[in-house]
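Peer 1: Residue numbers (my numbering), protein chains in the order written: chain A, 1 to 784; chain B, 1 to 533.
There could be a bad hint or two in this list.
[Unchecked claim] Simulated crosslink set (SDA-like; lysine to any residue; CA at most 20 Å straight-line):
{"id": "1", "chain 1": "B", "residue 1": "Lys110", "chain 2": "A", "residue 2": "Leu769"}
{"id": "2", "chain 1": "B", "residue 1": "Lys110", "chain 2": "B", "residue 2": "Arg27"}
{"id": "3", "chain 1": "A", "residue 1": "Lys734", "chain 2": "B", "residue 2": "Val38"}
{"id": "4", "chain 1": "B", "residue 1": "Lys110", "chain 2": "B", "residue 2": "Val6"}
{"id": "5", "chain 1": "B", "residue 1": "Lys110", "chain 2": "B", "residue 2": "Ala168"}
{"id": "6", "chain 1": "B", "residue 1": "Lys110", "chain 2": "B", "residue 2": "Ala35"}
{"id": "7", "chain 1": "B", "residue 1": "Lys110", "chain 2": "B", "residue 2": "Gly66"}
{"id": "8", "chain 1": "A", "residue 1": "Lys683", "chain 2": "A", "residue 2": "Ile748"}
{"id": "9", "chain 1": "A", "residue 1": "Lys683", "chain 2": "A", "residue 2": "Leu641"}
{"id": "10", "chain 1": "A", "residue 1": "Lys734", "chain 2": "B", "residue 2": "Asp525"}
{"id": "11", "chain 1": "A", "residue 1": "Lys734", "chain 2": "A", "residue 2": "Ile748"}
{"id": "12", "chain 1": "A", "residue 1": "Lys683", "chain 2": "B", "residue 2": "Leu164"}
{"id": "13", "chain 1": "A", "residue 1": "Lys683", "chain 2": "A", "residue 2": "Val640"}
{"id": "14", "chain 1": "A", "residue 1": "Lys683", "chain 2": "A", "residue 2": "Asp751"}
{"id": "15", "chain 1": "B", "residue 1": "Lys110", "chain 2": "B", "residue 2": "Ala31"}
{"id": "16", "chain 1": "B", "residue 1": "Lys110", "chain 2": "A", "residue 2": "Ala768"}
{"id": "17", "chain 1": "A", "residue 1": "Lys683", "chain 2": "A", "residue 2": "Thr725"}
{"id": "18", "chain 1": "B", "residue 1": "Lys110", "chain 2": "B", "residue 2": "Gly156"}
{"id": "19", "chain 1": "B", "residue 1": "Lys110", "chain 2": "B", "residue 2": "His23"}
{"id": "20", "chain 1": "A", "residue 1": "Lys734", "chain 2": "A", "residue 2": "Val745"}
{"id": "21", "chain 1": "A", "residue 1": "Lys683", "chain 2": "A", "residue 2": "Leu695"}
{"id": "22", "chain 1": "B", "residue 1": "Lys110", "chain 2": "B", "residue 2": "Leu22"}
{"id": "23", "chain 1": "A", "residue 1": "Lys683", "chain 2": "A", "residue 2": "Arg698"}
{"id": "24", "chain 1": "A", "residue 1": "Lys734", "chain 2": "B", "residue 2": "Gly67"}
{"id": "25", "chain 1": "A", "residue 1": "Lys734", "chain 2": "B", "residue 2": "Gln64"}
{"id": "26", "chain 1": "A", "residue 1": "Lys683", "chain 2": "A", "residue 2": "Ala633"}
{"id": "27", "chain 1": "B", "residue 1": "Lys110", "chain 2": "B", "residue 2": "Phe134"}
{"id": "28", "chain 1": "A", "residue 1": "Lys734", "chain 2": "B", "residue 2": "Gly66"}
{"id": "29", "chain 1": "B", "residue 1": "Lys110", "chain 2": "A", "residue 2": "Val771"}
{"id": "30", "chain 1": "B", "residue 1": "Lys110", "chain 2": "B", "residue 2": "Val17"}
{"id": "31", "chain 1": "A", "residue 1": "Lys683", "chain 2": "A", "residue 2": "Val745"}
{"id": "32", "chain 1": "A", "residue 1": "Lys734", "chain 2": "B", "residue 2": "Pro69"}
{"id": "33", "chain 1": "A", "residue 1": "Lys734", "chain 2": "A", "residue 2": "Ala708"}
{"id": "34", "chain 1": "B", "residue 1": "Lys110", "chain 2": "A", "residue 2": "Arg778"}
{"id": "35", "chain 1": "A", "residue 1": "Lys683", "chain 2": "B", "residue 2": "Gly67"}
{"id": "36", "chain 1": "A", "residue 1": "Lys683", "chain 2": "B", "residue 2": "Gly156"}
Since the hints were derived computationally from the structure, they do not count as laboratory data.
Next come the chains, spelled out residue by residue.
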Amino acid sequence: MSLTSGAIPVLVAVALPFLAAALVPLLWRVLGERTGYAGAGVALVSFSLLAGELGREGTVAVPWIPSLDVALRFHVDGWGLLFALLASGIGVLVFLYSATYMHGERGLRRYYGSLLAFMGAILGVALAADLVALFLFWELTSVASFLLIGHHDGDAESRYAARMAMVVTVVGGLFLLVGFLLLVVASGRAFGTETFDLTAMLANADAMRAALRETGLFLPALAFVAVGAASKSAQVPLHFWLPNAMAAPTPVSAFLHSATMVKVGVYLLGRLRPLFLGVEWTLLLVTLGLATMVVGAVLAVASTDIKELLAYSTASHLGLMVAGFGFASAAGAETGAFHLFNHALFKAALFLVAGIVAHEAGTRRLDELGGLRRDLPFTAVVAGVAALSMAGVPPFNGFYSKEYLFKAAYEAASAAGGLWWLYPTAAVVASIFTVLYSARFLALFFGDRPEALGEVHRPPATMLAPPALLAAVAFVVGLAPGLAVDVAVGAAIDATAVGAPEFDPHLPTELSPPVAMSVVSLGVGASTYPVYGRVHRAIRRARASAPALRPNWWYDRTLGGIDRVGAELLPRIQTGLLRTYAAWALGAAAALVVAGYVAAGVALPTEVGVDAPPATLVVLAVALVGAVAMTRAPSHVVGVLALSLLGFMVAVFYTLASAPDLALTQLVVETLSLLVFLLVLEKLPEYYGELDRRLALRDAVLSLGVGAAVFLTVLVSTRGPDGETALARYFVEKAVPEGGGTNVVNVILVDFRAFDTLGEVAVIVMAALSVLTLLTMRRRGESP
Amino acid sequence: MSTFVVAPILTALFTAVTALLLHRRTRLQTAASLAGTVAYAAAVGVLAWRVALAPDPVGATTYQVGGWPAPFGITLVADALAAFMLVMVATVGVASLVFSTRYVEAPEEKRFYHPLFHFLLVGVSGAFLTGDVFNLFVWFEVMLMASYVFVVFYGGPQHTRAALRYVALNLVGSALMLLAVGGLYATTGTLNMADMSRRLAEPAAYGISVEPVVGLSALLLSVFALKAGLVPFQFWVPSAYRAAPLPVTAMLAGATKKVGIYALVRLYFTVFAAAELPVSLPLPGVDGGSPLAFFAPALFLMAVASVVVGGFGAVDADSFEGVLAYSSIGQIGFIAIPVAIGAAASSPALRRLGVLAGLVYALNHALAKGTLFLTAAATRSAVGTSRLEDLGGLASRSPLLGSVFLVGALALVGIPPLSGFFGKFLAFDVAVRAEAAVAVAVLLLGTGLTIAYTTRAWNRAFWGQQSAAVGAADVDPVQAAVLVGLALTIVAVGVGFDPVYEFAEAAARAATDRGAYVDAVDPADVETGGESA
């Protein structure tokens, strides 16, 4: 493992946000609301340190759990750096924006702390090269986003959304963990020793792929990883948490849903792409991605709220990236990596614009807004650049990466034919809807201004500057895409692609099939826009008529179902009746024991000889009569008397078996318990209630079962070693000379096994304490 | 020489008696109790250091009570497994007792609280340290008697009802255990665990038959499952946990439940695994004819049922303690799943890994559940109620309570880098390695339920509008300090997991290495005429 010169900066870049998060309570005391600027400073430091790593590649590892060979291993390469730079760069802007936008809100300490930790976790995901470390940061993003989405915790909507994001992404994370463990098992096959080192796996991607195939783990590993990635990156049908997460404050939405949280799934797919590339990978991811792209775009058109529109649009664009990475061709990797970059720029800008609109106009409803270009001219320019980029209009940056998707889809379909033509078709359909909703977003600024809309203020510069900067960068990238490729994107593509593709995005000069697809998308989209309202209503009607098509409905039903199952199931199990509890405990124990004997094939004694003396037989017979009489007793008192008959017969049996000590003890116990019973019974009603025959039958069967189990136990275990045991011999021999007592039983109790007696003495003391406690507490009254 | 083995039991016993003698002088009693707890922790620390943690540990060490040699007298055995369990108990115990000094404050409550608390520690420590099956029964009784009193402690109708169920079910358990111990003695001719293990390995040499051991061990399985609260023996858990004083519940959930798990591991892996039946048991998913082959599927079924019942129960519970009590049932299931897979495994490495995963999970559960029950206690102290519908906005009123709960809850879910992550991680690892698809599915479902009930409790109690009761709540500083200490421990165990892993690994090795255990105890071999040191 090479420790490059970049080791320290990388570690600092990742650790600094966490450190700052821990220090937020202190910072807050000094800086108050200006903590937001401190956050921006932290993000800027991380960004600069990482920018210094551009063009380098290397690994640094800090040992974490040497016994498991788990380390905080970070690997710097083009793909990780691209993602980390986007996260920290947009992080700077989001912190700056927050300082103004969140002014005067409650709970800002928690807000900034979570936001910093969140950014650190994203940087960790981007750079981690150890599966355990990667999973660590992955889960931390879920937790931090839970706190951020639920920031306005007084609103039921925020709590609902936060819990939903947590449930979906953390459960998805566990799928990822299983997928990782499968990779580790495969690495054992590939390298001889198992490793969590992702860099090593990627460096030997062919060996890993072969090992996965040989062990039959290829499909399971792929499926588990895909579920994990899809849950974070909001792929159908796990996309539903994303629009709900819009309950978060707008800067959080801009951060989580443009450059960070939702991108980690895409990032991971790009990262693991060389391990899994193959026809299964393509079929799974392209289908998943394009389905998400279509569904997201269609639902964005159905949206009524700016943030809802942007959220569905985000899901749709994530689908685009996933589909891109799904294609095995170089164009596939180019689509995924370049669109990750482009989308982060325009979508962050659009969310921040949405925040400005909501902040200044006081509403986020699309039908209450329009024609804002006069009130917010500068914002309108920013929104124009970003929205055209989102629509994929040349020469804006979103155009290029979408063009590569068309190219990858077209090439794959023309190579394979048949149903594969569905892929380019779906891509075009989704793009048409993308054009539609992008136009709708632009209409906020360029349509007619509704009369009801009140006065709209200009935003402060600190809120306008961040989206303006993003739009400017997006615009430059659109004009000169080669620049972005040279600085960061090219290296990212190299890391996610197999081989070293030449990537040279430029404006088309001839009408190739992908260009034709773009023309169709833009043309149909633009010509459909006049009937936008009808399309919008038609989708909403369709959605309302079939709730079962909405995963959100399933989520509610599942969580509600869990509640209901709990409410139905629990009273049946925890009935509060001792009868039920004892029946289960005794029945299960008896069943286990009998099953144990049967499974082991215990041989029962074949000869049943009755060689007991007649006196013993008589005593046992009387005991049996007592037992039967108890079950038929008409009252408590008679029952207790019958029971004690049984007890006294046992005492007599002990006497006959030459165990006078035991007999004496048994007599005392029987007498005392009879007395206690009689004293207590005085307080109870004299007669039993009506006996339910079914219950009686069940109890009879149960008691026979338990009796059989005990009987069997005695029968099979008393055939042990013949004659007296070594223990017995030892005790008899040593009792007098070393124990100093002639009664062996006594010597056992007070000497050989005095430790048992010590414990029993403690039990008796506590029994006395329990009586005292009961009396004291009952007298003094209530618990606190 | 090896007195350190018996030191934890004696320290706790001495403190219990002292506290009892001082029951009329409550301040002095509290001081003695605190000092005794610290001494207990120190005794446990020395023991753990000597047998496992020191750079050159002595390994399993025995103490022959009264100087009577094994197997005639009672042997105490301190090995890495016992040490691991003791450290877990001591950690929760110290926290719980310090917390109690600010929770149980009325003189008439304090009086017997402290002696009983230390008697509970006596029972738990005895159970971990004894190497004798009957003596294990005795320490179970000590532990149970103390917990009986705690369940009925407040003396109200609901406490009496809970205690009645608890006592009745555990008396059933005690009777079954006595039957099993008697049967084992009659079958093998010994009570000493090491001696029993040796005899079961060579039945012919001792003229004993091993077949009955499968059924007899199943009897013990029921008893230990009852102690651990596994379905279908879980019935006592919810009401008893709600009835007992909450710091004690932290102890019951964190420590005494683990005695059941410990006893399962100790007896099955160290003792019963020795028995090899000539036939393979006709059971699915396992091969071989040792009692482990019977134990594995039985325990697995119980574990799965526990995860389901506990998870659904916790989602439906209406109070803080209710959620946590049901959660305990489910979490014990999580502990048992890898243990069951380990028992079914034919490779020694996987078997050890199963036990290791169970132990790490148990440690996390002790810490996390201890923390959460104490958080519930602190909430009740501060707010006056722990019903979820009367709470709300607690996190904004007390960010400290919120943070501590969050740490505990996330540890329960298994979020890295908290202690709970490694429990989950290893459990999944065991399931994946054993190619146990059902186990993976159950672990996923169970964790999903865990997220569902922890986030539900969080949303209701900690977020939302502050209720009137919450608005006036203030957390006691001592209680707060204990909570912070525990939360930091959860973080520290996760972040600095390597030594914990080494310790748990040594414990798992101690549990599964029968030969070393038998050699350490070295019972006199009277019957085959072999030599003994």
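Peer 1: Taking the hints in turn, state whether each one holds.
Peer 2: Hint check results:
1. B/Lys110 - A/Leu769: holds, 12 Å
2. B/Lys110 - B/Arg27: This hinted pair holds, its Cα atoms lying about 10 Å apart.
3. A/Lys734 - B/Val38: violated, 40 Å
4. B/Lys110 - B/Val6: Cα-Cα ~28 Å, so violated.
5. B/Lys110 - B/Ala168: violated, 26 Å
6. B/Lys110 - B/Ala35: holds, 16 Å
7. B/Lys110 - B/Gly66: violated, 35 Å
8. A/Lys683 - A/Ile748: This hinted pair is violated, its Cα atoms lying about 42 Å apart.
9. A/Lys683 - A/Leu641: Distance ~17 Å between A/Lys683 and A/Leu641 Cα, so the pair holds.
10. A/Lys734 - B/Asp525: holds, 17 Å
11. A/Lys734 - A/Ile748: holds, 10 Å
12. A/Lys683 - B/Leu164: With Cα atoms ~17 Å apart, A/Lys683 and B/Leu164 stay inside 20 Å; holds.
13. A/Lys683 - A/Val640: holds, 15 Å
14. A/Lys683 - A/Asp751: violated, 43 Å
15. B/Lys110 - B/Ala31: Since the Cα atoms of B/Lys110 and B/Ala31 sit roughly 12 Å apart, the hinted pair holds (cutoff 20 Å).
16. B/Lys110 - A/Ala768: Answer holds: B/Lys110 to A/Ala768 is near 16 Å, not above 20 Å.
17. A/Lys683 - A/Thr725: violated, 49 Å
18. B/Lys110 - B/Gly156: Status holds; Cα separation ~17 Å.
19. B/Lys110 - B/His23: holds, 8 Å
20. A/Lys734 - A/Val745: holds, 12 Å
21. A/Lys683 - A/Leu695: violated, 26 Å
22. B/Lys110 - B/Leu22: Satisfied, since the Cα-Cα distance of roughly 11 Å is no more than 20 Å.
23. A/Lys683 - A/Arg698: This hinted pair is violated, its Cα atoms lying about 29 Å apart.
24. A/Lys734 - B/Gly67: Between A/Lys734 and B/Gly67 the Cα gap is close to 13 Å, so the pair holds against 20 Å.
25. A/Lys734 - B/Gln64: Holds, at roughly 16 Å.
26. A/Lys683 - A/Ala633: Roughly 18 Å between the alpha carbons, so the hint for A/Lys683 and A/Ala633 holds.
27. B/Lys110 - B/Phe134: violated, 33 Å
28. A/Lys734 - B/Gly66: At roughly 14 Å apart (the allowed maximum being 20 Å), B/Gly66 and A/Lys734 satisfy the hint.
29. B/Lys110 - A/Val771: holds, 15 Å
30. B/Lys110 - B/Val17: holds, 15 Å
31. A/Lys683 - A/Val745: With a Cα-Cα distance of about 40 Å, the restraint between A/Lys683 and A/Val745 is violated, given a limit of 20 Å.
32. A/Lys734 - B/Pro69: Holds, at about 12 Å.
33. A/Lys734 - A/Ala708: At roughly 39 Å apart (the allowed maximum being 20 Å), A/Ala708 and A/Lys734 break the hint.
34. B/Lys110 - A/Arg778: Roughly 15 Å between the alpha carbons, so the hint for B/Lys110 and A/Arg778 holds.
35. A/Lys683 - B/Gly67: violated, 51 Å
36. A/Lys683 - B/Gly156: This hinted pair holds, its Cα atoms lying about 19 Å apart.
Of the numbered hints given earlier, the model fails hints 3, 4, 5, 7, 8, 14, 17, 21, 23, 27, 31, 33 and 35; all others are met.
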